[in-house]
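Undergrad: For reference, the chains in residue letters:
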Amino acid sequence: MSIAAKINILDKLKFLPSVLLLALQKLDIAHLQEIRIRGNKPVRVLYQNNFIVLLTPCKTQKIIITSEQIAQIVLRAAEFSIYAFNNQLSCGYITIQGGIRIGVAGELVYEGHIVKTQKNFTSLVIRIPHEIYGCANRAYKCIQNSKNKNTLIISPPGAGKTTLLRDLTRQISNAGNNILLVDERNEIAACLDGIARLDIGDNTDIINNAQKDYAFSFGIRSLRPDYIITDELANEQDIKTAIYVSKCGVKIIASVHADSIFDLKNREEFNGILEQKIFGRYIILSSKNGAGTFEAILDEDLRGITI
Amino acid sequence: MTTRLFMVFLSCIGGLMMGLFLSNKTKNREKYFADLLNLVDRLISDISYLQDPAIKIISSFETKSIHFKKNIDEYLEFTNGGKFNFSNTILNKREAGIINDFFNRLGTLDYETQINELNSKKMLFIQMYDGANKKNKNFGKAFIKLGFLGGLLVGIMIL
Numbered sequence: 014m015s016i017a018a019k020i021n022i023l024d025k026l027k028f029l030p031s032v033l034l035l036a037l038q039k040l041d042i043a044h045l046q047e048i049r050i051r052g053n054k055p056v057r058v059l060y061q062n063n064f065i066v067l068l069t070p071c072k073t074q075k076i077i078i079t080s081e082q083i084a085q086i087v088l089r090a091a092e093f094s095i096y097a098f099n100n101q102l103s104c105g106y107i108t109i110q111g112g113i114r115i116g117v118a119g120e121l122v123y124e125g126h127i128v129k130t131q132k133n134f135t136s137l138v139i140r141i142p143h144e145i146y147g148c149a150n151r152a153y154k155c156i157q158n159s160k161n162k163n164t165l166i167i168s169p170p171g172a173g174k175t176t177l178l179r180d181l182t183r184q185i186s187n188a189g190n191n192i193l194l195v196d197e198r199n200e201i202a203a204c205l206d207g208i209a210r211l212d213i214g215d216n217t218d219i220i221n222n223a224q225k226d227y228a229f230s231f232g233i234r235s236l237r238p239d240y241i242i243t244d245e246l247a248n249e250q251d252i253k254t255a256i257y258v259s260k261c262g263v264k265i266i267a268s269v270h271a272d273s274i275f276d277l278k279n280r281e282e283f284n285g286i287l288e289q290k291i292f293g294r295y296i297i298l299s300s301k302n303g304a305g306t307f308e309a310i311l312d313e314d315l316r317g318i319t320i
Numbered sequence: 029m030t031t032r033l034f035m036v037f038l039s040c041i042g043g044l045m046m047g048l049f050l051s052n053k054t055k056n057r058e059k060y061f062a063d064l065l066n067l068v069d070r071l072i073s074d075i076s077y078l079q080d081p082a083i084k085i086i087s088s089f090e091t092k093s094i095h096f097k098k099n100i101d102e103y104l105e106f107t108n109g110g111k112f113n114f115s116n117t118i119l120n121k122r123e124a125g126i127i128n129d130f131f132n133r134l135g136t137l138d139y140e141t142q143i144n145e146l147n148s149k150k151m152l153f154i155q156m157y158d159g160a161n162k163k164n165k166n167f168g169k170a171f172i173k174l175g176f177l178g179g180l181l182v183g184i185m186i187l
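Here the protein sequences come in this chain order: Y and D.
Sequential numbering from 14 applies to the first sequence in the numbering used here.
Sequential numbering from 29 applies to the second sequence in the numbering used here.
Worth double-checking, as some hints may not be accurate.
[What the hints assert, rightly or not] Calculated cross-link-like contacts (lysine-lysine; reagent style BS3-like; alpha-carbon spacing at most 25 Å):
#1 D:K165 / D:K121
#2 D:K111 / Y:K25
#3 D:K53 / D:K165
#4 Y:K27 / D:K111
#5 Y:K27 / D:K84
Honestly, the hints are just simulated from the structure, not real lab data.
Being a predicted model, the structure only gives us computed values, none of them experimental.
Excised from the complex, chain Y in its bound form (with noise of 0.2 Å):
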């Protein structure tokens, strides 16, 4: 990573206070993927795959951020602005610029039965974006074999498939292709100021910060993609959505959260998904040497597939 890189991703990161800053100098950022910060305990790092607590640039304290500092990075990430991330915040995160993502733990407020916001944060979990570069390649080929079938990428967290769907996003909106790319947290494109901050290609249109069943309808009536990739299909309604897509003659790459295909399985929720044979192919990613590790290539039967 060039040192103009390395210093983005720290101007980036200056909400957060100046020890942890400094510290964080020290490491190559090209390998930081996740800050962890918890009320009164010791700040850690997952860095090179590894879990390592943050020590004062003297290297004789461990960082401990107290509650309040934990507010005041929340303010500060956003922006001082706190209306602009409420809906954020309400659903436990706030993406900043540059695509990275906080996960904010705290007390739920309520209003009738829906969280208003959150107060009181406990905890923050801070994930660095990075882009690979040809870190697709694989799952772009399994694309392509499969004469463009829907596609879902399963993975669990942290296992690195927004980075994929990152890459992938570039390498078919490179090849001509138009894509719509829900970008519901802003993490994929990083868009700021109506700019991808991250490269997703020269053919992708962007809705971010958008519910993906308002953005799915909206994109394919007015923009009329080739391909709608998304992040993160979590509900029910996610699914009914997708379904919808697969029905509308549109391609359609998303992401899901598990630790494989029996999970899914597992999920009622998904159960219309497979039985449908909504998607043609299933892409099973693990971290287990190291984020983005393929573990197998399915078809619609669950069938395993060499590519």
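Use these hints to put chain D onto chain Y, whose structure you have.
TA: For chain D alone, coordinates are given in the frame of chain Y:
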């Protein structure tokens, strides 16, 4: 005699300067509150429509008042990691307290509460502006005349 006339002249200048200072202060207060109101209007409209971050709105806001510009810079420095040192040379204690609170609470609330908060602060700022505007109209030029006359009076007394 020349010395005494020179003293009268100096006294007049002193009075005039004092008048100009007071006149400028009332003018600056009017400008300050006018810009503050413009900013609040801008925040209300931009937050209501696009939910733009407050920092983005404030940093692109152009102000004619140097005092308000200073407070904006202090706020932006605070959001950039510093402390919020609200400096004040033209506001009274109550006004400074309200404006300090306005900056401190800005962006810490959810959408609806933020808009309500801005609207209620706007009502206070309108009162402040009206007060400053009235004072400027009534006393702005009078301060200069009174300052000069006061200086002249002191000079005559010296004579």
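Undergrad: Which earlier hints can't be squared with this structure?
TA: Violated: none.
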